[in-house]
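Given next are the chains, with one letter for each unit.
There are 2 protein chains.
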Amino acid sequence: MQLYYTPDISGNIYTLNKEESRHCTKVMRMNCGDIIHLSDGRGCLYEARIIDANPQACCVEIESVEENYEQRGYHLTIALAPTKNIDRTEWFLEKATEIGLDQYIPLECKHSERKTINLDRCNRVVVSALKQSIKAYIPEIAPITKFSDLVSQHFDGDKFIAHCQESDEKRLLRDACTKGSNTLILIGPEGDFSSSEIALAHQYGFKDISLGTARLRTETAGLAACHTIALINQ
Amino acid sequence: MQLYYTPDISGNIYTLNKEESRHCTKVMRMNCGDIIHLSDGRGCLYEARIIDANPQACCVEIESVEENYEQRGYHLTIALAPTKNIDRTEWFLEKATEIGLDQYIPLECKHSERKTINLDRCNRVVVSALKQSIKAYIPEIAPITKFSDLVSQHFDGDKFIAHCQESDEKRLLRDACTKGSNTLILIGPEGDFSSSEIALAHQYGFKDISLGTARLRTETAGLAACHTIALINQ
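Heads up: the sequence lines are chains A and Y, in that order.
Letter by letter, the first sequence follows residues 38 to 271 in our numbering.
Letter by letter, the second sequence follows residues 38 to 271 in our numbering.
Everything labelled a hint here was simulated from the structure, so no lab data went into it.
We put the CB at the ideal spot given by N, CA and C, even for glycine.
No incorrect hints appear here.
Straight-line Cα separation of at most 25 Å, DSS-like style, residue types lysine-lysine; simulated pairs:
#, chain 1, residue 1, chain 2, residue 2
1, A, Lys207, A, Lys147
2, A, Lys168, A, Lys55
3, A, Lys207, A, Lys183
4, A, Lys121, Y, Lys168
5, A, Lys244, A, Lys183
6, Y, Lys216, A, Lys216
7, Y, Lys216, A, Lys207
8, Y, Lys207, Y, Lys244
9, Y, Lys196, Y, Lys244
10, Y, Lys196, Y, Lys147
11, A, Lys152, A, Lys196
12, Y, Lys121, A, Lys63
13, A, Lys216, Y, Lys207
14, Y, Lys121, A, Lys168
15, Y, Lys121, Y, Lys147
16, Y, Lys121, Y, Lys152
17, Y, Lys244, Y, Lys216
18, Y, Lys196, Y, Lys207
19, Y, Lys55, Y, Lys168
20, Y, Lys183, Y, Lys207
21, Y, Lys63, A, Lys121
Here's a subset of chain Y near chain A, in silico, CB distances under 8 Å, partners left out:
#, residue
22, Trp128
23, Lys132
24, Leu209
25, Gly249
26, Thr250
27, Thr257
28, Ala267
With beta-carbon atoms standing in for the labels, derived distance ranges:
#, chain 1, residue 1, chain 2, residue 2, range
29, Y, Arg79, A, Gln240, 38 to 48 Å
30, Y, Asp124, A, Asn160, 14 to 24 Å
31, A, Asp212, Y, Thr250, 16 to 26 Å
32, A, Gln39, Y, Pro180, 32 to 42 Å
33, Y, Asp212, A, Asp89, 41 to 51 Å
34, A, Cys96, Y, Gly194, 49 to 59 Å
35, A, Thr153, Y, Glu177, 39 to 49 Å
36, Y, Glu104, A, Asn160, 41 to 51 Å
37, A, Gln271, Y, Asp124, 27 to 37 Å
38, A, Gly194, Y, Ser101, 41 to 51 Å
39, A, Glu227, Y, Cys201, 34 to 44 Å
Given these sequences and hints, build the entire structure.
Put into structure tokens, the structure is as follows:
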């Protein structure tokens, strides 16, 4: 099944952009009358028939739409400090999109080795993962956010911070999270969160969590958190 | 903490190989009297003192050893068909080493797009992950194995096959696996297992499992299986 990402879809007729038109007609060799699928990234999966196989502007007519396609029964936001090697963060985004993520917030921390991120590249990664894994929901990529700004924002749900420091309060995410809930998880940079960042998170009601005894890289911790929430909701 | 992989360690004195000696003395600037750590990949984590900071042959004396260092209470073998893009399989190996894997068997299936694998490269990936995540156990990398040969081998533990075909018998791995057990999980190639491969696995007592509703790439499915077993054993 060939999926095209069409966030700007509206009405019954849609024209693929130049790149998608070329891919559809030249690479996939689709012709007039053939069926393709479209995703708006907001929960709608469309079945559409090609009415003009123009390699510059392939035009399709919507035949049917499935709303809330494979909607998950929970909402997950992961705020993760971008890794020094950005490939690792992009890898996290690809895999988290496959497994299930609603929002990614690049986090700027005291020990961050990288304080900028290319949002266009991040969006390209999640679009490609959406197409590959046939998803109707695409994770939202937020602008890079300072730790203090993020933790002080209101969030209506479970708020967790995964850090490597000793803590009596630390519970396994597996046991601390609740099925069907709205969850925000903070994952620190290679150098971990600072003690003052952890204290600030506690002030704003974040709970300490552990992902287990194994030492995990930042991006692995992010994916382990994402998969733990998916597993609890299975 | 700087970890060196020393599978050939024996006795109280050890000489790092040329590459590790250079890294230890030139890159890490370690000197005579400094403490480094060694892992034999079979459960022993050593604390050793440098007695000759020779950049060609750095010699250390073992001061203490911790046996069964962070030993997991379960044993996991994942047989996964190497992906067309080998980076994805190597990525799986790195992450599975971080999270916890005992053996990787590259699987040759009917629909495999890749029927060869560079075992030296695989071993380099797991050694580097072992050092980075401070592990005393290294996953064993088996030679590439034909599907029919693998499923017909005796295995003393839970045997699962993760395929995408419809099946009434399919249970979530989360519910089907047992804590503390010896587990073998088969993950198919991009084109999935063939019906005859699935039937053959059933003949040999493999149970159908699902990793959830999300469509996962081969390497993502492998890691999701690995993390599910880790989570059940937390």
